[in-house]
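Peer 1: Chains A and B supply the protein sequences, listed in that same order.
Anchor point for the first sequence: position 61 equals 61 in our numbering, and the numbering is continuous, going up by one each time.
Positions in the second sequence are counted from 1; adding 1000 to them yields our numbering.
Don't read these hints as lab results, they were simulated from the structure.
Here the structure is a predicted model, which means the values were calculated and not measured.
Quick reminder that beta carbons are idealized off the backbone N, C-alpha and C, glycines included.
Fair warning: there could be bad hints in the mix.
As the list claims (entries may be wrong) - Stretch by stretch, here's where chain B covers chain A in the computed footprint (C-beta under 8 Å, at least three residues):
#1 180 to 191
#2 243 to 256
Said to hold, decoys possible - Under 10 Å between C-beta atoms, here's a sample of chain B residues computed to sit facing chain A:
#3 G1098
#4 A1148
#5 Q1152
#6 R1202
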Amino acid sequence: MTKETLIVSLKGAKGTDPVRTLTEPRWVRVLLIVAAVLFIGLFLILPLFEVFASAFDKGWEYYFNAVRDPMAVSAIKLTLLTAFFSVVLNTIFGVASAWAITKFNFWGKNLLITLIDIPFSVSPVIAGLIYVLLFGLQGLWGKWFIDHNIHIIFAVPGIVLATIFVTFPFVSRELIPLMQEQGNDEEEAALVLGATGWQIFWKVTLPNIQWGLLYGVILCNARAMGEFGAVSVVSGHIRGLTNTLPLHVEILYNEYNFTAAFAVASLLTFLAIVTLIAKTIVGTRYEREKEILPSSLESEPSL
Amino acid sequence: MSIEVKNLTKTFNGFKAVQDISLKLESGSLVALLGPSGSGKSTLLRMIAGLEIPDSGEIHLTGREATYVSAKERNVGFVFQHYALFKHMNVYENIAFGLRVRNQSEKEIRDKVHDLLSLIQLSGFEKRYPSQLSGGQRQRVAVARALAPSPQVLLLDEPFGALDAKVREELRNWILKLHEETNVTTLFVTHDQNEALEVASRILIMNHGKIEQDGTPIEIFDHPATHFIAQFVGETNYIDTEVTEKGLAVWGPFRFPINPSFTAGQKVRIYFRPHDVYVTEQFETLQVKAKIKKTRFKGTVIEYLLDIGEGKSIFAQVPKGVALASGFKDGLDVYAAITAFHVFPL
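Whole structure, please, built from the sequences with the hints as guidance.
Peer 2: Next comes the structure, spelled out in structure tokens:
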């Protein structure tokens, strides 16, 4: 193509801005944007708005009474407790497993990676049933526990166990690719410099994975608080004792107590929004950290 | 401060990375381990550092058996190809790391770090993070970090491999100067022959997990011990021919007086370096006729592809000044002689 024809084709039809002709026609752009906005509005914004609108249907006072109801307070406490245990235990497990998988070679490594993923592929209801089958009255070990007066199913330990199962992969799944990408160089350097295993972990490995770890913890926490299926199977729905927030919402809803149900649901929604904001902030830091890795090679000042 | 390795062997999933290697490095020496990638040189270095466990053999550091001593206890300095600086620590903390884990006092650490910073000519860079340094600066920080705990030996794994040519050149000179100042026993791995020839006082050439030659740079360059070394170190022409009669091999118009131990009819490969081809415009002595086919400018020398008849050609290199004075150009008839060569049986 000669220079002249190139210029002509860049100018496009009748002296329009050359940049215009390089992008899609206006109507295509408008159509796509409107479709995206409508979709997000209909499926994300509207339901969110509806939750809060229904929650405040009968005014502030009713809202606060629904939220301050002893049953609701007990559900909040149980949810926080469950989330606390799940997050702490899964963080320890996630870091340990990611460390083992990425920094060492051992027999059964692939099996372990597969096992970690099971909770993602198994329906939460089945996860709950597994625990009923293990610890329930008719279950494998159930009798022994009942005999020793330890209650797991239809009690708090069962809820915590089921939640741990469901949230099991979040931290390790977040860390494994990150740690794989970072390799072992820094750890090896620290080892040769005379650091102990603990020193290497605290001073070298952990600072390198902190943002990824926090990201995993946030996701794990969000799921732990919102888990419904698995918890529903093992909890027994005993009000004030084994009801978590999602279960409490369900009960209120089934009792046609819509406003109260939405009031409690708004708490969960609020938690979700806070989680999202935290996730965005951490995510940005995390991405930025990753960008620094392959750093720029500026020109070298003379020696 | 010496390194001694006896019959060291390491196999990875059936691949023999290092096969029965023995070597001894005197205290204060500066030695290069040269070889192509996959020759086992890095594995050998990592075993000396304690980062790989050998299948068999022994490693002695400063006369003490260290084969199964943890890397943490060996007190060797190790510099990685990709620096492996601690990203989240600044330059000061990176260098101080090896001292902190040894619980040295804050004052000792400060003095030592400042000494090292001036040694690597990066005083004033304490607060910088590795991402704010250039490649060459990072590698110098990595060297300082390795030197901080006063190691018995310094091991460098392709230390300049990730840097561009100019910076590499500067760091080579710098590492020589550094070695003069610290005199720490240094072993560095490289696949760059110029780097090895220029920096080291002794070169070990590795191929397929074995050491093929151990000698000074001049010995290696002028008296390659094997086919592999003749091809790997420096540029070379090689030709395959048969021994014509006892003590003589002929290839095209060239006659090579060779060791009488070769028997007539034996197949041999003869190596000769382009700069060992003597080219003149006028016939001098013992030269053969040649014609310049192609010219390639290579900086301080000019390389010519010489047509020597019978469809055969060789490369010759002539110092730029000589080439310009002689007025060599494509198509010119010249005379050529091979002044030095090496013969290996095929």
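Peer 1: All hints, please: hold or fail.
Peer 2: Hints, verified against the model:
1. With a threshold of 8 Å between beta carbons, the proposed coverage of the region 180 to 191 of chain A by chain B holds, since 6 of its residues qualify and at least three are required.
2. Here the region 243 to 256 of chain A counts 0 residues with a CB under 8 Å from a CB of chain B, which misses the bar of 3, and the coverage is violated.
3. For G1098(B), the interface hint holds, since its Cβ comes within 10 Å of a Cβ in chain A; the closest pair sits about 4 Å apart.
4. The interface hint given for A1148(B) holds, since its Cβ lies 8 Å from the closest Cβ of chain A, which is under the 10 Å cut-off.
5. The interface hint given for Q1152(B) is broken, as the beta carbon of that residue sits about 12 Å from the closest beta carbon of chain A, more than 10 Å.
6. Hint status for R1202(B) relative to chain A: violated, with the closest Cβ pair at about 24 Å, above 10 Å.
Consistency note: the structure conflicts with the earlier hints numbered 2, 5 and 6.
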